[in-house]
Structures are given as C-alpha cells and as structure tokens.
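Colleague: Sequence:
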Amino acid sequence: MTTLAPLPLVALLRNTALEVSLLAQGATTMDVPQLRQHCLALVAEFDRALEARHAAADVRHDALYAQCGLLDETVLVHLPEASRSQWEAQPLQVERFGKHDAGEHVFDRLSERMREAPPNIDVLECYAAVLRLGFKGRYAREGESQRVAVIKTLSDLLARSAPSGDGGFIVDAARTRALDWFYRLSPWAMAGVACAAAVIVFVAVGQALDLQVSHLLAGKS
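Numbering (the numbering used here), first residue to last: 29 to 249.
For the record, the hints were derived by calculation from the structure and aren't laboratory data.
For clarity, every value in this text was computed on a predicted model and none was experimentally measured.
Glycine is no exception: its CB is placed at the ideal position from the N, C-alpha and C atoms.
Hints may be right or wrong, so weigh each one.
[To be verified] Pair by pair, the computed Cβ-Cβ distance ranges are: (1) A69 to L104: 35 to 41 Å; (2) E116 to A55: 20 to 26 Å; (3) R143 to D59: 40 to 46 Å; (4) A110 to P146: 45 to 51 Å; (5) E132 to R188: 41 to 47 Å.
[As the list claims (entries may be wrong)] Listed next, the in silico EDC-like pairs over lysine to aspartate or glutamate satisfying Cα-Cα at most 16 Å (straight line): (6) K164 to D129; (7) K164 to D136; (8) K127 to E116.
Throw the hints in and build the complete structure from the sequences for me.
Modeller: Take a look at the structure:
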C-alpha cells in the first residue's frame, strides 16, 4: 500500500493567492478593520496548517513572514489613498512579528535559503509563489529587471531540484507539475485576471491538488 505524500506547503497559500487577486481587482468591499481581520485570519490559517504538518520553526517563520509581506504590500498598493495610513500604522508584519522590514528580510532569507544544500523545496516554493503573486519588496526601488532575475534563478533552482519521476509512484513529482502555474504566472497576469477567473482558478487548483495522485497515475497507465 502506497502512502501519499502531503500536499506541498505552497498549496496552503491558495486562499492568500485568491485574496491577492481580488485585492488587485479592487473587488473587496471590506473597510480597513474588516480587511485587517480577514488577512490576519489568512495568516492564522496558514500558521495552523504549518503547525499541523510539523514544519520546522524556521520554515514557519520564513513562510509566514513572506505571506505577511505579500499581503501588506498588496493592500497598501491597492487601498484608496485615504485609507492607506490606517494600514501603514499597523501592518501585518508588525502585528505578527513586531518587525517592519519584509521588503529586505524576505529577499535576504531567500538568498540564504537558495544557498542551502540540499535546498528546502517546500519553503522555496512558498517564496516562488509570493514573488509570482507580485511581491516586490526592495525591488520596488531597485528595479523590476532585478526582481525578474531573482525569480528566474529561483525557478531554475526548483527545476533542477525537482524529482525526475523515474521509477515507483511519482507522488513527489505531483508537487512540481500541479504547481507549474505558480512558477510561470507573471505578477501582471495575476493582477490582470478578472475576479470571476480568479475564483475559477482557485477552484480548479484546489481540485487539481486534491486529485493530483489519481491524475498522475492515470496519465502513466
């Protein structure tokens, strides 16, 4: 009997990806206090899921801080100017971690993670998702071309580290195939997708993740 591997950590960011897409479309009708509580709930949900998977403390910290940075940045970019100061006074990263340096810290930690041997694929996939969902951090100042270069380096590392799929049940390979859309999707595509399309993508990805093994086995037969 084959024991299926748990879903990759990046799959746990589906609700965050949907919220980022909706915010980019101006599709939320929540005021700032409501939006803050909703985003805090997304962070708490992700944290509980990481804890349930017994993720290491450093992995939890990196993944959650990147999530907070993404949500903070997305909210501040898309909130009406009159409401922005309410969020700036207490961003998620400050409320959760007591720090306000996600723009630098996320990329510093990503650089450190990419130098690890062997690399932690779960946390690197989380970083890849956060970047593909539009997180800019320090590169809002330093230039998009440099951020794109970081994304390419990360994507190449993930591609080199992906299982070959040769032999046995290719449970781990499902991680890469089912989540290729995260690596290929540009931030502009995420920001430009219609709200209805975002919901469709959310549902479709959820179904694909839930049925990943059966689909792969069917494809191999």
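Colleague: Next pair to validate is K127 with E116; report whether the Cα-Cα distance is within 16 Å.
Modeller: Status holds; Cα separation ~13 Å.
Colleague: Does the Cβ-Cβ separation between A69 and L104 fall within 35 to 41 Å?
Modeller: With a Cβ separation near 19 Å, A69 and L104 fall outside 35 to 41 Å, so the hint is violated.
Colleague: With 20 to 26 Å as the target window, see if E116 and A55 comply at their CB atoms.
Modeller: holds (22 Å)
Colleague: Within a Cα-Cα threshold of 16 Å, do K164 and D129 meet the stated pairing?
Modeller: Between K164 and D129 the Cα gap is close to 13 Å, so the pair holds against 16 Å.
Colleague: Does 41 to 47 Å hold as the CB distance between E132 and R188, or does it fail?
Modeller: Check failed, 27 Å falls outside 41 to 47 Å.
Colleague: Okay, R143 versus D59 on CB: inside 40 to 46 Å?
Modeller: Hint holds: Cβ distance 43 Å, inside 40 to 46 Å.
Colleague: Tell me if the straight-line CA distance from K164 to D136 falls inside 16 Å.
Modeller: holds (13 Å)
Colleague: Take a look at whether the Cβ-Cβ distance between A110 and P146 falls inside 45 to 51 Å.
Modeller: holds (49 Å)
Checked against the numbered hints above, the structure breaks hints 1 and 5 and satisfies the rest.
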